[in-house]
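First residue of the first sequence: 1, per my numbering; consecutive thereafter.
No wet-lab data here; the hints were simulated from the structure. Errors might be hidden in some of the hints.
As the list claims (entries may be wrong) - With a cut-off of at most 30 Å between alpha-carbon atoms, the simulated DSS-like pairs for lysine-lysine come out as follows:
id	residue 1	residue 2
1	Lys220	Lys279
2	Lys226	Lys196
3	Lys196	Lys279
4	Lys196	Lys220
5	Lys371	Lys324
6	Lys374	Lys318
7	Lys371	Lys318
8	Lys220	Lys230
9	Lys117	Lys9
10	Lys382	Lys371
11	Lys226	Lys9
12	Lys279	Lys207
13	Lys230	Lys117
14	Lys207	Lys226
15	Lys371	Lys117
16	Lys382	Lys117
17	Lys368	Lys117
18	Lys368	Lys318
19	Lys9	Lys279
20	Lys318	Lys279
21	Lys220	Lys207
22	Lys93	Lys196
23	Lys382	Lys368
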Amino acid sequence: MKRVIQSVKGTRDFYPDQMAIRIWLYNTMREVAESFGYQEYEAPILESLELYAAKSGEELVKEQSYVFTDRGGSEITLRPELTPSLARMIAQKQNELNFPVRWWSFGPFWRYERPQKGRTREFFQWNVDMLGVSSPEADAENAAVLATFFQRVGLSPQQVLILVNNRRLTEDRFDAYNIPAEQRPTVSSWIDRREKISPEAWMEYGKEIGLSPEQITNLKEMLADKDLWKQSAELTRFFAVIEALGLREYFEFDPSIMRGLLYYTGTVFEAWEVGGDIKRSILGGGRYDNLTRDMGGDPIPGVGFAMGDVVISLILEKYGLMPKDLYINPAPVLVTVFDEERLLESFQLASELRRAGLNVVCYPEPAKLPKQFKYADRIGAKVTLVLGPDEVENGQVALKNLINGEQVSVPRETLADQIRTIID
RNA sequence: GUGCCUGUAGCUCAAUGGCAGAGCGCUACACUGUGGCUGUAGAGGCUGCGGGUUCGAAACCCGUCAGGCACCCCA
């Protein structure tokens, strides 16, 4: 076996087929975001480690980030998420921006973890954020962007759901149950694990982290209360807007949604596949009102979500919603090279047609015609041109329609127009 | 970081201790000025790597590297 140098673990090669899918995803995201008036932006891929130290999850920064020391001795991170960069960009220009700001982005991110189904080390992420207002209506409008995305790609509420909770609501319950602040992260992860382990193991774990029987009973009641959101003014207003936008069926209140990132302060949401065999959140988002302050700016409230390309692709594939035959040959015309003597003539013909506005491939060397026709067929060309001795002599070009197999001899002056009637 | 599974032709895989194979793909010819379809032929292998057991190893054992899946965490 020939030795080919391996690609880096957890990365993906995007051959033209896969690139076509990525571009399709990108275009769909752009169209949906722009329909809500969001503007595209981009942040650096390299950031200082310090940027994440404050508020991203501890594991995300310490265990999962790609960190290296550059030649000047600075600690640099390959960005594991976008929100801190966004907060910095907003904080830097807080006096010039026209709030509320609606921004979106789609780019690469890196996290060092063991690759598995739905998880790679290098992935792309769609980020959609609104900053400058703190209203629950802004939360709802932001979340509506992704429900609209689901609609747009053909995912129904029977296939995917956006589960919503609110940090302040949860905090109120924790207050009521006398759970001390330092214990809350542990309790959150205990709640997170409920679906993953057996009820007995879950109860046992609850005792281990120091919850009293009474607290456990209270928390179980909280998790079972599907109407708890009505006690939250924010969620009540949130769902009213979602209702008005006609997207209510995509949303469901779920008191067990916790979110690991530390910077969320209010409404939080995650999307999950309903069918259940893809056990990974499709996206996560929520309100973060202190992030720009933590970057050294004034406190500017914000809300946003991030969706990775890997899980959404799995979902789209599962439901057969990935568009077929995306890769279309950009050049529908192939000019053959009859032989050595006619090579330059063929190149000139191709150039002539390009000036007439057509995308044209010229076979790059003299080869047997069957080989050239086969190549034309494989790349998906629609017409093939032959410039042989006969054609050169009487100023014509043989034009073969590869779709129906018909071939005609055409004068050079009308060739471009003739081709257009076939490829359109 | 922990556990399980898998590494054989370009790709997908078979061969359960006894001659290393199939399908697809590739090349040539049938068809020297024409693709798809069909037929015939051909090329292509240190069975991931290193060691061990055995008369004999792709297979069994040990090690190692790589990949996949699950946990952890998360997009």
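For each hint, the structure was consulted:
1. Lys220 <-> Lys279: With Cα atoms ~22 Å apart, Lys220 and Lys279 stay inside 30 Å; holds.
2. Lys226 <-> Lys196: This hinted pair holds, its Cα atoms lying about 20 Å apart.
3. Lys196 <-> Lys279: holds (10 Å)
4. Lys196 <-> Lys220: Holds, because 16 Å separates the two Cα atoms, which is no more than 30 Å.
5. Lys371 <-> Lys324: holds (27 Å)
6. Lys374 <-> Lys318: Not OK: Lys374 and Lys318 at ~34 Å, beyond 30 Å, violated.
7. Lys371 <-> Lys318: With a Cα-Cα distance of about 38 Å, the restraint between Lys371 and Lys318 is violated, given a limit of 30 Å.
8. Lys220 <-> Lys230: The given pair, whose Cα atoms are some 18 Å apart, holds under the 30 Å limit.
9. Lys117 <-> Lys9: Holds - the C-alpha atoms of Lys9 and Lys117 are around 14 Å apart, at most 30 Å.
10. Lys382 <-> Lys371: holds (16 Å)
11. Lys226 <-> Lys9: violated (42 Å)
12. Lys279 <-> Lys207: Holds - the C-alpha atoms of Lys207 and Lys279 are around 26 Å apart, at most 30 Å.
13. Lys230 <-> Lys117: Violated: Lys230 and Lys117 sit about 37 Å apart, past 30 Å.
14. Lys207 <-> Lys226: holds (25 Å)
15. Lys371 <-> Lys117: violated (41 Å)
16. Lys382 <-> Lys117: At roughly 39 Å apart (the allowed maximum being 30 Å), Lys117 and Lys382 break the hint.
17. Lys368 <-> Lys117: With a Cα-Cα distance of about 46 Å, the restraint between Lys368 and Lys117 is violated, given a limit of 30 Å.
18. Lys368 <-> Lys318: Given that 30 Å is the threshold and the Cα spacing comes to 44 Å, the pair is violated.
19. Lys9 <-> Lys279: holds (22 Å)
20. Lys318 <-> Lys279: Holds, at roughly 13 Å.
21. Lys220 <-> Lys207: The given pair, whose Cα atoms are some 13 Å apart, holds under the 30 Å limit.
22. Lys93 <-> Lys196: Judged against 30 Å, a Cα distance of about 44 Å means the pair is violated.
23. Lys382 <-> Lys368: holds (19 Å)
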